[in-house]
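Trainee: One line per chain: the protein sequences are A, B, C and D, in this order.
Following our numbering, the numbering of the first sequence begins with 117 at its first residue and continues without gaps.
Following our numbering, the numbering of the second sequence begins with 117 at its first residue and continues without gaps.
Following our numbering, the numbering of the third sequence begins with 117 at its first residue and continues without gaps.
Following our numbering, the numbering of the fourth sequence begins with 117 at its first residue and continues without gaps.
Just so you know, these hints were derived from the structure itself, not from any lab.
There's no promise every hint is true.
Intra- or inter-copy, both count: the list cannot distinguish identical chains.
Said to hold, decoys possible - Using 25 Å as the maximum straight-line C-alpha spacing, the simulated SDA-like pairs for lysine to any residue come out as follows:
hint : residue 1 : residue 2
1    : 190       : 151
2    : 190       : 173
3    : 440       : 393
4    : 169       : 377
Each chain is listed here by its residues.
4 protein chains.
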Amino acid sequence: MGSTFGYLFRITTFGESHGGGVGVVIDGCPPRIEISEAEIQVDLDRRKPGQSKITTPRKEDDRCEILSGVFEGKTTGTPISILVRNKDARSQDYNEMADKFRPSHADATYQAKYGIRNWQGGGRSSARETIGRVAAGAIAKKILQQVAGVEIIAYVKRIKDLEAAIDPNTVTLEQVESNIVRCPNADMAEKMIDLIDLVRRDGNSVGGVVECVARQVPVGLGDPVFDKLEADLAKAVMSLPASKGFEIGSGFDGTLLTGREHNDEFYMEGERFRTRTNRSGGIQGGISNGEDIIIRVAFKPTATIMQEQKTVTVGGEETTLIAKGRHDPCVLPRAVPMVEAMVAITICDHYLRQKAIDQRSMS
Amino acid sequence: MGSTFGYLFRITTFGESHGGGVGVVIDGCPPRIEISEAEIQVDLDRRKPGQSKITTPRKEDDRCEILSGVFEGKTTGTPISILVRNKDARSQDYNEMADKFRPSHADATYQAKYGIRNWQGGGRSSARETIGRVAAGAIAKKILQQVAGVEIIAYVKRIKDLEAAIDPNTVTLEQVESNIVRCPNADMAEKMIDLIDLVRRDGNSVGGVVECVARQVPVGLGDPVFDKLEADLAKAVMSLPASKGFEIGSGFDGTLLTGREHNDEFYMEGERFRTRTNRSGGIQGGISNGEDIIIRVAFKPTATIMQEQKTVTVGGEETTLIAKGRHDPCVLPRAVPMVEAMVAITICDHYLRQKAIDQRSMS
Amino acid sequence: MGSTFGYLFRITTFGESHGGGVGVVIDGCPPRIEISEAEIQVDLDRRKPGQSKITTPRKEDDRCEILSGVFEGKTTGTPISILVRNKDARSQDYNEMADKFRPSHADATYQAKYGIRNWQGGGRSSARETIGRVAAGAIAKKILQQVAGVEIIAYVKRIKDLEAAIDPNTVTLEQVESNIVRCPNADMAEKMIDLIDLVRRDGNSVGGVVECVARQVPVGLGDPVFDKLEADLAKAVMSLPASKGFEIGSGFDGTLLTGREHNDEFYMEGERFRTRTNRSGGIQGGISNGEDIIIRVAFKPTATIMQEQKTVTVGGEETTLIAKGRHDPCVLPRAVPMVEAMVAITICDHYLRQKAIDQRSMS
Amino acid sequence: MGSTFGYLFRITTFGESHGGGVGVVIDGCPPRIEISEAEIQVDLDRRKPGQSKITTPRKEDDRCEILSGVFEGKTTGTPISILVRNKDARSQDYNEMADKFRPSHADATYQAKYGIRNWQGGGRSSARETIGRVAAGAIAKKILQQVAGVEIIAYVKRIKDLEAAIDPNTVTLEQVESNIVRCPNADMAEKMIDLIDLVRRDGNSVGGVVECVARQVPVGLGDPVFDKLEADLAKAVMSLPASKGFEIGSGFDGTLLTGREHNDEFYMEGERFRTRTNRSGGIQGGISNGEDIIIRVAFKPTATIMQEQKTVTVGGEETTLIAKGRHDPCVLPRAVPMVEAMVAITICDHYLRQKAIDQRSMS
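Whole structure, please, built from the sequences with the hints as guidance.
Mentor: Written out as structure tokens, the structure reads:
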């Protein structure tokens, strides 16, 4: 249980870091959307390991195959299943993990919950599971772009205490992709890269904050009271590995203002109501108001470090562990496409939900 | 859509601030749990308006009636429905709201989404809707306490920039309820009360942070990958009115540490694995690890203020608005039982989900 | 669990035969539909006991109250909750039921499943629960009629071995309501009434078949592969008390034909494809084809009879039981509005689901 | 949408008759169940085409691969994904189907609903989709057998008007598998085979009735009011291709009895309550009572026949069609494992649901 997300645009991921492969089934995708493996591959390549000196040097191709749901280049309205094969080699690097729980990983809790776990490389809790999400997100972005001109762009806002000034209203994908840390502020990006490289050489790790903006989102998406758009966005990104916090609009800092300072006053722009400020982050009462949706996600420093740590074994003995293998010193550059994917899937789902009750198209 | 929360312990709230009443249907409550209207009323009284000088002076009794699902004092396994009647009077204070959108409220987005809204007192977006949640939360807390000794305690951690030092491991409900702002640090509570009183007299408002701890949660709750316990907790509290942010364990501040500093090392306490620190916040890989679950929720300053603001009308004219009526200058004291309720419902739901697959009880 | 039906037009019923009341919460109803308590009451009156000499003589008013979701006569898109109060009197007639399981009733299984049950008058398994369904069905019928001109008419097709010839293409609600057994064939209706009256005087009971036609259903409703329209219709009516069988179109009798005889050949009627015969019953491959949807539901003879039967007690003793009180000798006349309601709710749900993905209205 | 079935034991099928492959993702399978590809293959082989002279001569191997969720021979509690590759050849036999709607098939409704369809060999509406169901059913049967000794056996009860006398209390899988029509009455099986062979040579087809018994089902499964066990069973089997009717226990014939004749009187067998007759079919009030669950499913004659039929084209022209290729003259022998699978999945799902609320194992 728990491997399905979304209500009308519904994705189910499967697969572990080792075994036959990982992937996703997307049920509820509207028909007649043009989609190709090549388009999906673009985002998978942004997610894949080994893409730069600040990600894990592990090389994986992560080529996707669309197994169903697309006919002559277009979606058919039936489930789209996408498979990415795993490499079959069982690394020696993981043998110690059969017995020892890695601190701040999921080994101990999976073992306790299920009484069994695929201990190779994290199994189901591996970030490899997000391949299915990123593939589905590529399709969700395509739909939203096509039907409503929605643009969704995530980027690294902060690494440890290095915070970049970025204007979410104007940031472009090109700026994000112009450097390996995916921070569209070039000066700060350079400092971030240096910091990550430094901690990597020390066998240590760092975390930070990813910000994501969704522009041109139609007014009216979100279903009060529990399926408020920000509530579903929170769940979406808090289900990503290593995430520890979520905020929308003014977020935690907004609590330092008074209501007078915080409220977003309305004005008219032609026929459309707008707000002069956007502390609401594009959502009011759980429903999109047409302003940019802006969220931030905190990612902890990578749990896997190349230094000795105290831990325990499956059998209940105290011991120590030094990680082997190749790991990301910082997950954020690769988390950027994951956040984009989860935001896109959530908004796409609510776009379809809103279509269902829109009285203007009812007949 | 969107009025149901939970998978096996499933609540559906209904009702607006005006009309026949508000309430909840709870489907999936285990049978033979002793429950009474009096027990539910305790939490409803903590939520109700007019309880102190720092909440709205509006007086409402909010007496609950259990309509079904309880027989001779015990749950029967059938849906529990609970009704709280509204007072019937339509206040003159609200007439202006029929036409003018209140800044940073849900008026404009409800109107845009549905083409109609019950504009009296906020309608469905009124905090009155949370009555159903708090009633259901009282039952969830009872179940968790009874079957596993779980204790769930929320409290005000910060008002604006006044942050209280509180030890989540030892805080008690009595300490929380010992003052009207529900901050268990008595010195800071006094300062908070003074600040809220000050902004109230100025017709302004403030926000802050509620922290919540769940102690004695069984190991193994949470369903990776999308229904991770922290993901469902995030959705649960981000669906509350006025919430702008969520974090678990180390949260946003945790991103300032390195992995070496952040990781929670394991040790054995008798037969049980424990962690020396708890930056994970009681959840690892989406599954509870038996340590205290600790979350924080940011609540923005109340949107309703007694000062003139610029806004627009339903018809698209620019205008100004000064709120009338009686309002909370700060939602946090009344948000405390709401956060407790949502945390309890989420954990109770996952407790039942875990029972379904627990191989130890399988036969 | 199990008290919610529907995906986008989603109903949750609550309540037992005794206690505060019974009702329904409807989540997902489109906004701006005109609806009144009086309209709902029409169908509740067709369902209520005591309406004729062939139903139970028990008199109940079953007046409904809309608690939420309707504002100034129109739906608001928020949950519609409807309450019907129970009469508070606990009948002496039911005292024996606290201890003895009535044969072919739900007493024994509820006791076994939950370890407790509200034994008064059947509790949750009472047909009184269907009040919420019939109320929701009235709204679903209104929506379907308004947005697509859909007409849904159920009627008694057979009582025991008395089967009526009825043309589903032309039958009218007026014909159905023209007699107390709700069989639109007047001659056969008279015989049916005589038969029911006869078994009633004998303290016995009879069952039969209700047929239901849905006309003017738009092409394209139904979601293969599991949520085929006929699969959801089957679940909908098989969840009604006393139902034992379901068929669509040619049904069980269709298995006596060869493929050559059974197939529905296509032809064109203007721009629209049609079938000359309708053995498919209006659904092909799980999707409506625009022809009349025709289903039949078998209802067993009422389990409550005024004759001595062997049974057992809660404590496991063998004993005998003679039912007291006032009961329906045949459920079918009152089952007619229940079948209509469940068919309407199912089709309305799929109507909304189809709107969500309809590429023609996408943008 | 519509490709997921089950609540806690939840299956999602994917795939069309042509394209990369078909399969299933099973989410919610309990951990530590031993399962192998070989066990799943047994049921896939019972389902596959070309297995005898009365099924289609089309040969397909249908070898399954478990992609995830099983580690060292045991389930891990994570999603189990199973893939069966399609043969890649696009048959010339199907070219006419790109343009012409086959009578009583899903071609016309898929085209109308989605505006596009994979027309090769039926696409998503092909019986090939049931491979995923049968694979999941094999696992569900294994779980039920292991945890509760449940036995689920389906068989052909009737072909056209040839009905076999079979005792559901004693029938064995061996008897079912002893002949190619899967009717455990050897004499009648021979006649059925002759009949099917006769219509096959005539280019015609026949239908019939599959009966299924589930023995040793624990008392207490099923969730009133909408998720009654018989309601979910009805949906389960009515979602199978070609099914036209469902009944449980006495079914449609039970409506010919009076209540006196129909009721199942209770008696005690040791500590356990039993019924002397089983017209209820093992379910009362939506909950299993421990007696054998007995259902019947009507399957129409195969729609594909080798005779000329009138139809229309995608473009709206009237035309005629003679099917080419190799087809089943009767779906029933291959439908037997499909019915078993759907019954097993439904009961397994309710078994897990019941575990979640079982107060005896609560702590």
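Trainee: For residue 190 vs residue 151, is the C-alpha pair at or below 25 Å within one copy, between two copies, both, or neither?
Mentor: The answer is within: 6 Å in one copy meets 25 Å, while 37 Å across copies does not.
Trainee: Within, between, both or neither: how does the pair residue 190, residue 173 come out at a Cα-Cα threshold of 25 Å?
Mentor: Neither: 36 Å inside a chain and 32 Å across chains, both beyond 25 Å.
Trainee: Please work out whether the CA atoms of residue 169 and residue 377 approach to 25 Å or closer within one copy, between two copies, in both situations, or in neither?
Mentor: between (44 Å within a copy, 23 Å between copies)
Trainee: First find the shortest C-alpha distance between residue 440 and residue 393 inside one copy, then the shortest across copies, and answer within, between, both or neither for a cut-off of 25 Å.
Mentor: between (49 Å within a copy, 24 Å between copies)
Consistency with the previously given hints fails for number 2 only.
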